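Visitor: Single-letter residue listing:
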Amino acid sequence: MASLVGSRVERKEDGRFLQGRGRYTADINIANQTYAVFVRSPHARAKIKSVDTSKALKSSGVVGVLTGKEIAEDKIGGLIAGWAIRSEDGSEMKVPANPPLAKDIANFVGEPIAVVFAETLDEAKEGAEKVKVDYKVLKAVVDPADAMKSEAIHDGVDKNLCYDWLLGDRKAVDEAFAKADKIIKVDLINNRLVPNAMEPRACVVDYNTASEEITLYTTSQNPHLSRLVMSAFGNVAPENKLRVVAPDVGGGFGSKINVYNEEIVCSWASKKIERPIKWVAERTESFLTDTHGRDHVTHAELAVTNDGKFLGFKNETIANLGAYARVFGTVTPTYLFGPCATGVYVIPAAYSNVKAVYTNTAPVDAYRGAGRPEATYTIERLVEKAAMELGIDKTEIRMKNFPTQFPFKQTLVHTVDSGDYVAGLEKAKQMADYAGFEARRKKSEANGKLRGIGVSSYFEACGIAPSAAVMSLGCGVGLWESAEVRFNPTGQISVFTGAHSHGQSHDTTFAQIAADELGVPMENIDVVHGDTDKGTFGMGTYGSRSLTVGGIAIVNACKKIVAKGKRVAAKMLEVNEDEIEFKDGEFVALKSNKKKTIGEVAFACYLPGQRDEMKSPIPEGDEPGLIESSFFDPANFSFPAGSHICEVEIDPDTGNVKVEKYTAVDDFGRIVNPMIVEGQVHGGIAQGIGQALHENTQYDETGQLMTASYMDYTMPRADNFPEFNLGFTCTHATSNPLGVKGCGEAGAIASPPTVMNAVIDALGGQEISMPATAEKVWKACKAMKKSNAKAA
Amino acid sequence: MKSFNYHAPKDVKDATKLASSSSAFLAGGMTTIPSMKLGLASYKDVIDIKKIKKLSGIKVSGKTVTIGATTKHVEVATSKDVKKAIPALAKLAGNIGDAQVRNRGTIGGSISNNDPSACYPSACMALNAVIHTNKRKIDAEKFFTGMFETALKSGELVEAVEFQIPEKADYQKHPNPASRYAIIGVFVAKHKKDVNVAVTGAKSCVYIDKDLSKKLSSNFSVSSIEGTDVKSSGMNSDMHASAEYRANLVSLYAKKAVEAC
Ligand SMILES: Cc1cc2nc3c(=O)[nH]c(=O)nc-3n(C[C@H](O)[C@H](O)[C@H](O)COP(=O)(O)OP(=O)(O)OC[C@H]3O[C@@H](n4cnc5c(N)ncnc54)[C@H](O)[C@@H]3O)c2cc1C
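The listed protein sequences correspond, in order, to chains A and B.
Its first residue numbered 59, the first sequence is counted upward by one per residue in the working numbering.
Its first residue numbered -6, the second sequence is counted upward by one per residue in the working numbering.
Do not rely on the hints blindly, as some may be mistaken.
Calculated pairs, DSSO-like style, for lysine-lysine (alpha carbon to alpha carbon, straight line, at most 30 Å) [stated by the list, open to error]: (1) A:Lys840 to B:Lys207; (2) B:Lys30 to A:Lys190; (3) B:Lys224 to A:Lys716; (4) A:Lys116 to B:Lys37; (5) A:Lys194 to B:Lys30; (6) A:Lys330 to B:Lys(-5); (7) A:Lys507 to B:Lys84; (8) A:Lys183 to B:Lys30; (9) A:Lys840 to B:Lys203; (10) B:Lys30 to A:Lys161; (11) A:Lys113 to B:Lys196; (12) B:Lys196 to A:Lys840; (13) A:Lys844 to B:Lys(-5); (14) A:Lys188 to B:Lys(-5); (15) B:Lys224 to A:Lys848; (16) A:Lys716 to B:Lys196; (17) B:Lys203 to A:Lys837; (18) A:Lys190 to B:Lys37; (19) B:Lys196 to A:Lys834; (20) A:Lys716 to B:Lys84; (21) B:Lys224 to A:Lys837; (22) A:Lys188 to B:Lys37; (23) B:Lys161 to A:Lys507; (24) B:Lys208 to A:Lys507; (25) B:Lys161 to A:Lys183; (26) B:Lys(-5) to A:Lys113; (27) A:Lys843 to B:Lys208; (28) A:Lys113 to B:Lys37; (29) A:Lys837 to B:Lys208; (30) A:Lys834 to B:Lys224; (31) A:Lys834 to B:Lys84; (32) A:Lys719 to B:Lys84; (33) A:Lys844 to B:Lys196; (34) B:Lys224 to A:Lys840; (35) A:Lys183 to B:Lys(-5); (36) B:Lys196 to A:Lys837; (37) A:Lys843 to B:Lys224.
Taking beta-carbon pairs under 7 Å as the criterion, some of the chain B residues facing chain A (in silico) [as the list claims (entries may be wrong)]: (38) Pro170; (39) Ala171; (40) Ser172.
No wet-lab data here; the hints were simulated from the structure.
Being a predicted model, the structure only gives us computed values, none of them experimental.
In this text, a Cβ means the ideal position worked out from N, Cα and C, and glycines have one as well.
Extracted from the complex, chain B is given alone in its bound form (with noise of 0.2 Å):
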């Protein structure tokens, strides 16, 4: 790993400032670490923004629950709030990675990687999440751009996500066996007025799959996505699966969520 300057700034203000075109935040460091152990990135200044106390934490107001961005998986997973408000929230922060992963992984972490396999940006999608940066606050559809791609700028930093509670909502994922990110992952969102399918692993990034979606809003059962025809074009094909078994998992999944719901 290339030397770096380390900082640990206790406010946002502090961690922004120091940010620059060759800084990072560190959050939990599950992509960041190895990404320098392995050479496949270098920076000058490192911020680890652990120790800024308001970016981490629960709270559930009537509508929303908000997760600050440095909470770990593991409190999500086991936060009493978050498992009344939104089970499939805690249940698919519980299934992240391994122990270790959950141990150190953030919020903020994930869905500013936006790795195009993981999890919590299909939460964000179908909970219709809030990203409250430093500067702004972005509707996750507008947030999530593309593969590890997101609508962050340079220096911007993620302090919490806001999800909007559902009446119900479940997610199920396919782990990758080795690595146990989604192969794919399916969260299903019942609104008030409407449902969110949406969709992590697939593809180059996590998107709502309109014809679920639609399908489910008029009638929410399984029957109603019975047979529903999953395009697997644009899906991704790897030597972890092919674009057709990706989309078999899509419509099974789906109707798993459904059911679990």
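Just chain A, with the same shape it has in the complex (with noise of 0.2 Å):
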């Protein structure tokens, strides 16, 4: 039999994607459920001096108005940070309470601060219309560069600073520095970015009188883990009375990650009110409150020699928390940032500092990449300068500077096992047609145009676990996966996992990886998530973990399978167990060649005996019934990396950039299906392309958020894209038997700073912020036309 592991086969879930045959949150109706519309601050940061709920219970159709008071008096717990960091001092990081109803004090536009449920969506935004507040508006601090200065913002938080952390040797840095020929320096912004997932958050709540079970439909990556926070930290109901369901869900980039005031709130009240509530976020809402990604302020510096070899690296960033500190707001700008900030190169001495501050914005937490695209930025941009600088070649700088020697210690915390950085730079070169690029430069010239080229080498640590390495960074969960197999009496399979699809095609990958496991059809198997009440416990996805985590749980619970199969068919063969062997789903008995099939086995397992004779296939020690389960925790993280390639066109008149090529070359160790991960990879790429060019958040000088539709936010096109051209290098990862590396943000984490290299190639080296709009680059052309006048 053909492995299914390599090969391209269609996505399971296309034909209900494609034909709007989806099951989202939305979706789902309670009888006699309401529905609800939050009161959100529209202020930046404001006391509440009261909130009258008087006019509003009136309304026509409203069944209840719950305020932060009531959600205190209860006793329902806040949202939560999930990791703590230290500061350099010694001292722990510095949290305030985030309640799910804002009750003293809003800290952002969009802060909830009261509900309302009616019989109808219209009636409850009426009755929300009339629920008033009383504000006094405070001034609000909104830039991060600023938040030290300003006033703090949360009791208890000096200087609005949550931790002063660092990760490294800075009187190494300093000796590196001293010994240097030359210091490259780059002052840089990671712009902020709203993830815009199609699909909206949204929950729907069902509180069971009877079992007195909440069933909450929610939009989560993760569902397990909501129930964990919820049950644990919100003491909302126990774990045995709090079922969460993360039915489809289009698209999360980490905005999902998060248990959200909107659930904690519905899932409390829906008890209260014992009715079903509804509630579905407007695109507005969206833009506001879900969780935003990046907004660091950096300035870094790498010491070289002349002859282009990296001594030490520095990296001084300031990181915008928004106002509180979320699931993985506090570990996305410090481990997930500072370990990767060194890339793919030996540079001997270097540090990451990292101040993380509160501002009154919408929180910022994980977004596809979390912390490596922008260590990625800060790195290739300082490489591509320390190029111009030197002028040496930005390829042969990169090579000068890779390891060779694998696994490679990585300077600050990883050990990454497997890789080959040149072959993946290498290649990257001769599918970009790197040695032809001044040529058609000299032909953009020609046409009035400048083109520019620009590389970035990479790599990541992700497959988000080990548990003991991350709880010992401060991680409040262990980050293993767990899975289950479960035969059907009659053949079919139930594969369980506590990762979650939205968007990551799992019924496809993970039954495919299950079916050579088990050498039967796909067809035969169902990928089943999403649903605390199935399957085991579970992590969830993130941090391009499902694979090199959850896939692996699923391969192991397979290989047990396939262990106790092997004894039942001995015993129907009546043969050792060390005499069969397991073939293409086959248990055969070498000697004899007698079989019997996994199917056969199976439903053995779940008939033991037969008629007429006292006789069972069920071996002396194990248990009828075929069910498997394992809990996957690997032995380090998985390091994907790659270097990719991009040519951009500017018209210096309008300042337009078009990314007129792009190559990625990347190295995702074995490859499960190709189409999959393609479809990862140009995602990722359209993503980092937005972040490059269009995608601008701006808040004003009050907090509010400027950018808070589509009329204003700019989501990169099909348009704005040329052809994506892959290739990959296949190093296997050597900390999971299947030698998978995580694939799913390595689009993001790459592409900004290749993009940005070109563009500012292109410009002959000035620097430029992200997104380079038309105008910024527009303006930069027309510094360069002056300042090569002066020079001719």
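Could you fit the two chains together into a complex? Lean on the hints.
Guide: Structure follows, in structure tokens:
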């Protein structure tokens, strides 16, 4: 039987998605449901003097109105930060309380203050308009760079500083810098991004008055984690009385990791009003209240020798957490950022210092890549600038500093198990026709255009797990993953996974690997996820961990099935277990060549007896049934890496930037489904080009979000992209039996610096910040013309 | 969205009879519906005019092209008659917003709304259009009176727009990357006697750039407007584009339009 792993199997989920048959949270309706509308702060920072709900309560169709007062009285807990980060001076991070409904103070525009439930959505909206909140507006802190000098917005958080974290050795870095021929410096802004999942957040809650169980249907990337948090910290219900279902979810990108205010409030309230509740975010609510991504202000330096060797690296970053610290908010700019900031290079001395600050803006959390795009942007801008200033070819300077031995002990934290960075960059150069660039540049010039080429080489640490490692870095939970493989008596197989698919195609990929392990057709396998009542437990999907952690749990559970199957088959075929070989779904007795299919064995496991004879196929010590589970906790992160090359053409008259060519060569280890992997890379590059050229989240100085709709927030579109040219090098990971590495975030990690390096190359080295909008580029072109004229 | 009474009259008389100070005509709904959904506008009566047959369609006579108010952008963009008589107008319609907007938005809705960055108003100005309403005929230059303001009286309905066929014309637009409205749009039309350069997106309301029009009237070539200093004063400055950038684009796109004529 040909292996399914490695082949371009069509996606099992395409049929339902393409025909509009998906079942999303907003598609779920429960008889007798009420509709929730939240009253949100219109101010970025304001004292809540009073909330008057009397008029709302009398409004037509209104069933109930709840505020921060009631939720506090019921001792419902707030939103949490999942990772505890310590400052350089050893002190613990400062985390303000984040109640699900703000009671005393509102800290960003859109923060929920009260909620109205009514018979219809329109009535709920009308009711919400009648809730009168008396605010005392305070001066908002908006700019992260000024936050430490501004008035503290949270009690007990001096200078608005959550932590002042250091990773690395300042003294060693100083010594390295003292030996350098040249210091390369950059000042960077990693622009804030709004995740913009296609499906807005939503929840439907059903409280069962008989069993006292709450069922929460929600748009989550990690339903088990949501249940855990709501139970352990939210005090909403014990875990056995709370079922969380995340059905089809239309994109998350990190923004659906958190348990949000609305989910906690509706779950709590459903029990209180004894009615089902439905809430669906409007797009503006998504813009205002989904956790945002990035938002760093960085100064970084690279110490180099004249012949292009890297000696030392320093990184001073201010990370904007927004108003509150959320689940991955505090780790994203530290352990997901700092260790990767030295990139794919041997740099003997390095440190990253990050000051995370609170501001009166939407909370910032993990967003596709989480910390690693910021890291890659920092180092790859420096490396490109070093090449320019030293007059060394930009690929040569990279090759010069790549490690050649694996495992590669990276400067700050990670030991990278496998890779071949030289091969990746060589392949990218060849695919991008790097050598032919000068000719293309001349051709563009002849047409009055500026052409630039940019390179970036990256590695990232993903497959977020090993529990011992992440918990040593402050994570509040272990990040293993679980799976259960269940044979039905008649041979179909349910594979339960704790990972959750919201665009990652698990139905297909996981079925491929299980089918290979069990030697059965893929069609016999159903992948089940997203329901805490089904399957064991799970940590969910983010950090490119589904296949490298969750997929391996499936493999291991399948191996246990095969092991038991062998024992049963041996008994059925009356031979010793070691005389049985399992191949292509059959247990074969090697000597006699008699066989039992895995289906027959499964059937026997469930019907262990036969007419007229006292005989069981179940060996002594085994039990009937064929169900196995596994919890997988890998020994290390997985380390995808690669090199991307981009070419842009600029029209100096308008400043328009056109991405002409984009080549990506990635190493994701063994590839299960090339088509799906290519899709993931395409999506990631598209998001990265969005960050580099288009997406421009802007708050005004009072903390109002100026870009709160698609009229003003530029999402990249198909006509902004060229055909992506993809290649792969596959050095297998050694930390898992499939040899796979995560592929979900790489595109978004590598592409922003690749594009910006190309733009800056076209602009003759002039620095320009993301997003490189037409006007900014036009201004840079004018400045270039002026300085060229002066030179001439 | 607040509830309202929905009407779908079959003729203009019924439509205008229903109109009041708390009503709105509904054409493509591309502006009206989002503003109602966002709570920026609410009406007692919404009068859908798409069922009025007379308001839709394209007629070409010797000297003019007349487009009914509820004619959709996609219909103008793909009309053989428009492409032949005023190709620039078909091109303009074909570059409005995106496919969804073009499949619903109408010319009457566009000009009645008079968004400062809408495309059609510039065509009306440059092509000496006459706006036909249920009450009167209004010259384009008198029709567009300010930001989101027109000469229309309460309850007055646009029936059609009559464009003068030029000798040559072209429309060039720098789209807003987010909405794809015009950051600036320049419509250049060469008529027998003179040339009109109409600009949208740059200021609070569409206008004729007199300087560029005059120069091109005396000599219709790129060189005649080369180096023209388009002043940025009075131009819009917002997060999408500064006044200075808009001024640069006006002169640039005027040249592009002349080149394309
Ligand atoms: C995403 C997006 C992008 C867009 N991009 C562009 C662009 O690039 N260029 C551009 O020019 N436009 C653009 N538009 C505007 C669009 O093309 C429509 O023309 C505009 O939204 C209004 O037309 P409508 O037919 O939808 O009118 P409606 O929304 O139905 O009505 C708009 C207003 O006009 C009134 N009205 C409608 N018809 C009449 C009539 N016959 N008489 C009197 N009053 C009337 C209505 O009462 C209402 O006040 C864009 C719109 C969107 C949503």
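Visitor: Determine for every hint whether it applies to the structure shown.
Guide: Now for the hints, and whether the structure bears them out:
Of the supplied pair hints, the one linking A:Lys840 and B:Lys207 holds, its CA atoms being roughly 28 Å apart against a limit of 30 Å. Annotation: proposed proximity of B:Lys30 to A:Lys190 holds, straight-line Cα distance about 22 Å (limit 30 Å). A C-alpha spacing of about 28 Å is found between B:Lys224 and A:Lys716, which places the hinted pair at or below 30 Å, so the restraint holds. For the hint pairing A:Lys116 with B:Lys37, the CA-to-CA distance comes to about 23 Å; that is within 30 Å, so the pair holds.
A threshold of 30 Å between alpha carbons decides the hint, and for A:Lys194 with B:Lys30 the separation of about 29 Å falls inside it, so the pair holds. The straight-line distance between the Cα atoms of A:Lys330 and B:Lys(-5) is roughly 29 Å, inside the 30 Å bound, and the hint therefore holds. In summary, the hint linking A:Lys507 to B:Lys84 is supported, as the alpha carbons are separated by about 25 Å, within the 30 Å threshold. At most 30 Å may separate the alpha-carbon atoms for a hinted pair to count; A:Lys183 and B:Lys30 meet this at roughly 11 Å.
For a cut-off of 30 Å, the pair hint linking A:Lys840 to B:Lys203 stands: about 27 Å separates their Cα positions. About 29 Å separates the Cα atoms of B:Lys30 and A:Lys161, which keeps this hinted pair within 30 Å; it holds. About 44 Å separates the Cα atoms of A:Lys113 and B:Lys196, which puts this hinted pair outside 30 Å; it is violated. For the given pair, B:Lys196 sits about 24 Å from A:Lys840 by alpha-carbon distance, which is consistent with the 30 Å threshold.
About 56 Å separates the Cα atoms of A:Lys844 and B:Lys(-5), which puts this hinted pair outside 30 Å; it is violated. Straight-line distance between C-alpha atoms of A:Lys188 and B:Lys(-5) comes to about 14 Å, which keeps the hinted pair within the 30 Å bound. A hinted pair counts as satisfied when its Cα atoms are at most 30 Å apart, and B:Lys224 with A:Lys848 qualifies at roughly 26 Å. With a C-alpha separation of about 28 Å, the suggested pairing of A:Lys716 with B:Lys196 holds against the 30 Å cut-off.
For the hint pairing B:Lys203 with A:Lys837, the CA-to-CA distance comes to about 27 Å; that is within 30 Å, so the pair holds. Distance restraint check for A:Lys190 and B:Lys37: the Cα-Cα separation of roughly 25 Å lies within the 30 Å cut-off, and the hinted pair is therefore satisfied. Taking the CA atoms of B:Lys196 and A:Lys834, the gap is near 21 Å; set against the 30 Å cutoff, the hint holds. Distance hint between A:Lys716 and B:Lys84 is fulfilled; the C-alpha atoms sit about 22 Å from each other, no more than 30 Å.
Under the criterion of a C-alpha separation no larger than 30 Å, the hint pairing B:Lys224 with A:Lys837 is consistent with the structure, at around 17 Å. Among the hinted pairs, A:Lys188 with B:Lys37 is consistent with the structure: their alpha-carbon atoms are about 20 Å apart, no more than 30 Å. Proposed proximity of B:Lys161 and A:Lys507 is supported: the alpha carbons are some 29 Å apart, at most 30 Å. The straight-line distance between the Cα atoms of B:Lys208 and A:Lys507 is roughly 28 Å, inside the 30 Å bound, and the hint therefore holds.
Between the alpha carbons of B:Lys161 and A:Lys183 the distance comes to roughly 53 Å, so the proposed pair goes past 30 Å and is violated. Taking the CA atoms of B:Lys(-5) and A:Lys113, the gap is near 18 Å; set against the 30 Å cutoff, the hint holds. For the hint linking A:Lys843 to B:Lys208, the alpha-carbon distance of about 28 Å falls within 30 Å, and the restraint holds. Restraint check for A:Lys113 and B:Lys37: the C-alpha separation of about 23 Å stays at or below 30 Å, so the hint holds.
Annotation: proposed proximity of A:Lys837 to B:Lys208 holds, straight-line Cα distance about 28 Å (limit 30 Å). For the suggested pair A:Lys834 and B:Lys224, the alpha carbons sit about 20 Å apart, so the restraint of at most 30 Å is met. Distance check on the hinted pair: A:Lys834 and B:Lys84 sit about 28 Å apart at the alpha-carbon level, within 30 Å; holds. With a C-alpha separation of about 28 Å, the suggested pair A:Lys719 and B:Lys84 falls inside the 30 Å cut-off, and the hint holds.
Note on A:Lys844 and B:Lys196: the hinted pairing holds, with a Cα-Cα distance of about 29 Å set against a maximum of 30 Å. Of the pairs offered as hints, the one joining B:Lys224 and A:Lys840 holds, with about 17 Å between alpha carbons and a cut-off of 30 Å not exceeded. At roughly 9 Å between alpha-carbon atoms, A:Lys183 and B:Lys(-5) fall within 30 Å of each other, so this suggested pair holds. For a cut-off of 30 Å, the pair hint linking B:Lys196 to A:Lys837 stands: about 21 Å separates their Cα positions.
Our distance criterion of 30 Å between C-alpha atoms is met by A:Lys843 and B:Lys224, whose separation comes to about 21 Å. With a cut of 7 Å, the hint placing B:Pro170 at the interface with chain A holds, because the nearest CB-to-CB distance is about 4 Å. For B:Ala171, the shortest C-beta to C-beta distance to chain A is roughly 4 Å, which falls under 7 Å, so the interface hint holds. For B:Ser172, the interface hint holds, since its Cβ comes within 7 Å of a Cβ in chain A; the closest pair sits about 4 Å apart.
When each numbered hint is compared with the structure, violations occur for hints 11, 13, 25.
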